[in-house]
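Residue strings, one per chain:
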Amino acid sequence: MNLEEKISPIVKQLAPSGIRRFFDLVNTKPDAISLGVGEPDFTTPWHIREACVDALERGMTSYTSNQGMPELLEKISQYLSDRFSLAYDGQSEILVTFGASEAIDIALRTLITHGDEVLIPEPCYVSYTSCVQLAGGKAIAIPTSSQNGFKLRAEDLEKAISPRSKVLILCYPNNPTGAIMRKEDWEPIAQVIKKHDLLVISDEIYAELTYRGHHFSLASLPGMKEHVILISGFSKAFAMTGWRIGYVAAPEILLQAMLKIHQYTALCAPITSQIAAFEALKNGLSECEAMVSQYDRRRRFVVKAFQEIGLTCHEPQGAFYVFPSIQPLGMDAHTFAEELIQEESVAVVPGDVFGPSGKGHIRCSYATSLDRLDEALRRIERFVKKKRKNILLSSIS
Amino acid sequence: MADPLRLEILSLLEENARLTAEQIAHMLDLSKENVEQIIKELQDEGIILKYGASIHWRKAGKRRVNALIDVKVTPQHGYGFDTVARRIYLFPEVQSVYLMSGAYDLSVALEVDTMEEVGRFVEKLASFDFVVSTTTHFVLKKYKEDGIILDEPDKDRRLVISP
Ligand SMILES: Cc1ncc(COP(=O)(O)O)c(C=O)c1O
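So the protein lines, in turn, are chains P and X.
First residue of the first sequence? That's 1 in UniProt numbering, and the numbers climb one at a time after it.
First residue of the second sequence? That's 1 in UniProt numbering, and the numbers climb one at a time after it.
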């Protein structure tokens, strides 16, 4: 039997993850410093882990309601209101999921039928395009560039819209660029969204990791809530990636539709993780703040270091990534990343993994201790100097 | 009000005393000279007390004896707690002295090489007029010291590359 033939064509056509190939390469270098990690270097704060241990000891091992534990839903509702001035009803407009990842999948499957177009500003998180394809849709990239700080501009959005455009996926603060959108950036975008009746899937998983000011949520603009499916989670803000817990908030009609998929495919998010998430929102915000101020220090350190190395780097104001340009070196990002790991044992992710408009850039995560960042940047500096010298030599000869 | 910039420099140095003024300047977006000036002030004002390393002595093969001594004292005329504490903390083997509320007055932490030395120190304490009683506790094992967990290496368990 040819098993390969049995695989659905939709799955077959999914691009293998560009990160995967790189991962294997890095694994051959056990002493490497990795700036390729897309998750916090902190362990989940102890009081959160302790709440989970306690719940296990008390025998909390059952299913919960499909939507999530009522206390947690209430807490999320209150949190969204306190932090981002958003009004979502815990009973009918919020659903607890297996991380933001599940939320992205069910939001797309709820909205997309065959041939619908989904607009995605690029560079973007690696899952979106594949999830769109799995839902039967067609991903349409909207390139953004470092000249505009990788922000989405209304005119670029307008240009990408066709009669089949239905959904826009937004991710600010952005992975991989660290770009954010302020209120004044959103206002013209909101006009376009209204004009074309677009639905927005807004992945705000990095909302808490916003520096110099506070995250502004698109759904908090007047008239925007009915256009937005808000996705977030606990992975980044509370260093809880392994717990697989997140949530989605949306107008009741959309939420109930997503709940249908969730109840048949996931049943409910793990109870232990829900209990931990409740504790995180109840008592974890100060620790979140402390982690954010650590990221902020590292961010300033890394940006300055790249400037000194001479690789232009727009200032990222959110998430924990910098996205410098390596164009002056005249090499593509894959070659850069491969030679950097071979020659200096530092791992970074080539920017075009996040879509063609990421080419000529590399993504470096600063979710790593300052000591290691310092060492990694010294090595990058040495590497860049060497490459520059080679360019010079070859231009002379 | 404490100056937030000074607090930030202090917490960076508390975490890693080997950071150079230049590195700190990078992180806080200041000039190197500015950072050097602030650090000098912090030293001159006695806010930064010393720069040391946190050492896991047992792992380094050096065994030391630690004891905590609860001391009850009677402050006498012209001889308050501060003076009594001073008489005790000037001994170099004393690591810390705290004035406590509750069942006893001073908590004295001692670090020496042998049990006998602890005995001699307690005898010395007991001979002071102002000392009413002492209770000595020996430390059997250290789990966490100065905010550092001793025998739990903070291993990075993350995948080297993730999206
Ligand atoms: C933009 C973005 N969205 C979603 C996720 C996945 O989050 P979760 O762990 O909640 O599934 C990530 C993780 O890297 C991410 O970067």
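Since the hints were derived computationally from the structure, they do not count as laboratory data.
Take the hints with a grain of salt, since some may be wrong.
[Unchecked claim] Calculated cross-link-like contacts (lysine-lysine; reagent style PhoX-like; alpha-carbon spacing at most 20 Å):
hint, chain 1, residue 1, chain 2, residue 2
1, X, K62, X, K144
2, P, K75, P, K282
3, X, K155, P, K29
4, X, K144, P, K304
5, P, K183, P, K138
6, P, K387, P, K359
[Said to hold, decoys possible] Quick list of simulated restraints, FRET-style, between CB atoms:
hint, chain 1, residue 1, chain 2, residue 2, range
7, X, Y89, P, R388, 54 to 64 Å
8, X, Y79, P, H47, 25 to 35 Å
9, P, V53, X, D129, 19 to 29 Å
10, P, D54, X, E33, 45 to 55 Å
11, P, G242, X, A17, 29 to 39 Å
[Unchecked claim] A partial selection of chain P residues facing chain X, derived with a Cβ cut-off under 10 Å:
hint, residue
12, G36
13, G59
14, S62
15, Y63
16, V126
17, E158
18, I161
19, N175
20, R244
21, F301
22, D374
Cβ atoms here follow ideal geometry from the backbone N, Cα and C, with glycine treated the same way.
Next item in the hint list is P:G36. Is there a CB on chain X closer than 10 Å to its CB? Hint holds; P:G36 Cβ to chain X Cβ min 4 Å, cut 10 Å.
Does P:R244 meet its interface restraint, that is, does its C-beta lie within less than 10 Å of any C-beta in chain X? 14 Å, violated
Measuring from beta carbon to beta carbon, are P:G242 and X:A17 in 29 to 39 Å? For X:A17 against P:G242, whose Cβ atoms are near 33 Å apart, the range 29 to 39 Å holds.
Is the interface hint for P:I161 satisfied, with its Cβ closer than 10 Å to some Cβ of chain X? 28 Å, violated
Would you mind confirming whether the straight-line C-alpha gap from X:K144 to P:K304 stays at or under 20 Å? Judged against 20 Å, a Cα distance of about 36 Å means the pair is violated.
Would the pair P:K183 and P:K138 pass a check requiring their Cα atoms to be no farther apart than 20 Å? Outside the cut-off at roughly 29 Å; violated.
Given P:D374 as an interface hint, is the shortest Cβ-Cβ distance to chain X below 10 Å? Hint on P:D374: holds, closest Cβ of chain X at ~7 Å, below 10 Å.
Starting from P:K387, check that the Cα of P:K359 is at most 20 Å away, please. 18 Å, holds
Let me know if the C-beta of P:E158 comes in closer than 10 Å to any C-beta of chain X, holds or violated. 29 Å, violated
Does the beta carbon distance between X:Y89 and P:R388 stay inside 54 to 64 Å, or does it fall outside? Distance hint for X:Y89, P:R388 holds at roughly 58 Å.
For the hint on P:Y63, does the least C-beta distance to chain X fall short of 10 Å? 29 Å, violated
May I ask you to test the hint 45 to 55 Å on the CB atoms belonging to P:D54 and X:E33? 51 Å, holds
Hints 4, 5, 8, 9, 13, 14, 15, 17, 18, 20 from the earlier list are contradicted by this structure; the remaining hints agree with it.
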